[in-house]
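Novice: Residue numbers (UniProt numbering): 1 to 226.
These are calculated hints, taken from the structure and not from any lab test.
Don't take every hint at face value.
With a straight-line cut-off of 35 Å between C-alpha atoms, the simulated DSBU-like cross-links for lysine-lysine are [to be verified]:
hint, residue 1, residue 2
1, Lys-110, Lys-90
2, Lys-90, Lys-182
3, Lys-110, Lys-38
4, Lys-93, Lys-186
5, Lys-180, Lys-117
6, Lys-110, Lys-182
7, Lys-182, Lys-38
8, Lys-110, Lys-93
9, Lys-90, Lys-117
10, Lys-186, Lys-110
11, Lys-38, Lys-117
12, Lys-93, Lys-117
13, Lys-117, Lys-182
14, Lys-38, Lys-93
15, Lys-117, Lys-186
16, Lys-110, Lys-180
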Amino acid sequence: MQTHFTLTLSTLLFYFLITFTFSSTFFFSTSATSASNKPQDLIHSSCIHSRYPRLCLRTLSNYVGPINTTLDVAQAALRVSLAHAGRASKYLKALSATAPDSSGQSPNDKRQRVALKDCVEQMADSVDELRRSLEELQHLRPETFRWQMSNTQTWVSAAITDGDTCLDGFVSDGGDNDGKVKRGVKRRVTDVAMVTSNALYMINRLGQGDARKGKHRPGGSFDSKN
Numbered sequence: 001m002q003t004h005f006t007l008t009l010s011t012l013l014f015y016f017l018i019t020f021t022f023s024s025t026f027f028f029s030t031s032a033t034s035a036s037n038k039p040q041d042l043i044h045s046s047c048i049h050s051r052y053p054r055l056c057l058r059t060l061s062n063y064v065g066p067i068n069t070t071l072d073v074a075q076a077a078l079r080v081s082l083a084h085a086g087r088a089s090k091y092l093k094a095l096s097a098t099a100p101d102s103s104g105q106s107p108n109d110k111r112q113r114v115a116l117k118d119c120v121e122q123m124a125d126s127v128d129e130l131r132r133s134l135e136e137l138q139h140l141r142p143e144t145f146r147w148q149m150s151n152t153q154t155w156v157s158a159a160i161t162d163g164d165t166c167l168d169g170f171v172s173d174g175g176d177n178d179g180k181v182k183r184g185v186k187r188r189v190t191d192v193a194m195v196t197s198n199a200l201y202m203i204n205r206l207g208q209g210d211a212r213k214g215k216h217r218p219g220g221s222f223d224s225k226n
């Protein structure tokens, strides 16, 4: 009986050690994989299926800041988008300020002035929506994750729509100057739309990925590895 009891304890101890060893190996292996996941590798794997992969790689590779998780990637993409939108907004405000007043203008000039004014407002809205989206991602919480992600997706989508609405107001139907203005506006607004489309992809990817399973940081964000 004593012998049987001793063998049973030995067997249990053996299986415990095997289980502990396997669990420890798995844990440290996972940690090592996460630690060795270089920012450039994460950027590449995140950008490869984005709407504009080359633009994504170029803008995020030049990004100055930590990129260690999919949440970091989404926030970085939003910061890039916000910076581009801010520059476009300043350009449009300056362009609108130099536009001649409505007195003595041709119908085409008047339309262009109105279109510029609308563009200034639309781009200002885009900047506001992108800023709110970034703030939302910086304060994600497990209990409100889906709701916060829905807000962010809605605001970023609205920012893209604002750009489309801005360009819709320009109808180049006369004059070299009209064409130059439209081309300048289109180039900058399209640039914003492209980086913002990439940011939206990163946000959608975050919402559909492992963030819901990620570790919640004390500061209110997720530690989501991919």
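Novice: Now tell me if each hint is right for this structure.
Specialist: Now the hints, each set against the structure:
For the hint linking Lys-110 to Lys-90, the alpha-carbon distance of about 21 Å falls within 35 Å, and the restraint holds. Straight-line distance between C-alpha atoms of Lys-90 and Lys-182 comes to about 16 Å, which keeps the hinted pair within the 35 Å bound. Taking the CA atoms of Lys-110 and Lys-38, the gap is near 53 Å; set against the 35 Å cutoff, the hint is violated. Simply put, Lys-93 and Lys-186 have alpha-carbon atoms about 15 Å apart, close enough for the 35 Å limit, and the pair holds.
For the hint linking Lys-180 to Lys-117, the alpha-carbon distance of about 17 Å falls within 35 Å, and the restraint holds. Distance hint between Lys-110 and Lys-182 is fulfilled; the C-alpha atoms sit about 14 Å from each other, no more than 35 Å. Annotation: proposed proximity of Lys-182 to Lys-38 is violated, straight-line Cα distance about 42 Å (limit 35 Å). The hinted pair formed by Lys-110 and Lys-93 meets the criterion: a straight-line CA distance of about 17 Å does not exceed 35 Å.
As the CA atoms of Lys-90 and Lys-117 are separated by approximately 13 Å, the hinted pair is consistent with the 35 Å bound. Straight-line distance between C-alpha atoms of Lys-186 and Lys-110 comes to about 18 Å, which keeps the hinted pair within the 35 Å bound. Distance restraint check for Lys-38 and Lys-117: the Cα-Cα separation of roughly 45 Å exceeds the 35 Å cut-off, and the hinted pair is therefore not satisfied. Simply put, Lys-93 and Lys-117 have alpha-carbon atoms about 8 Å apart, close enough for the 35 Å limit, and the pair holds.
Taking the CA atoms of Lys-117 and Lys-182, the gap is near 13 Å; set against the 35 Å cutoff, the hint holds. For the hint linking Lys-38 to Lys-93, the alpha-carbon distance of about 40 Å lies beyond 35 Å, and the restraint is violated. Of the pairs offered as hints, the one joining Lys-117 and Lys-186 holds, with about 15 Å between alpha carbons and a cut-off of 35 Å not exceeded. Under the criterion of a C-alpha separation no larger than 35 Å, the hint pairing Lys-110 with Lys-180 is consistent with the structure, at around 16 Å.
Of the hints listed earlier, those the structure fails to meet are numbers 3, 7, 11, 14, in rising order.
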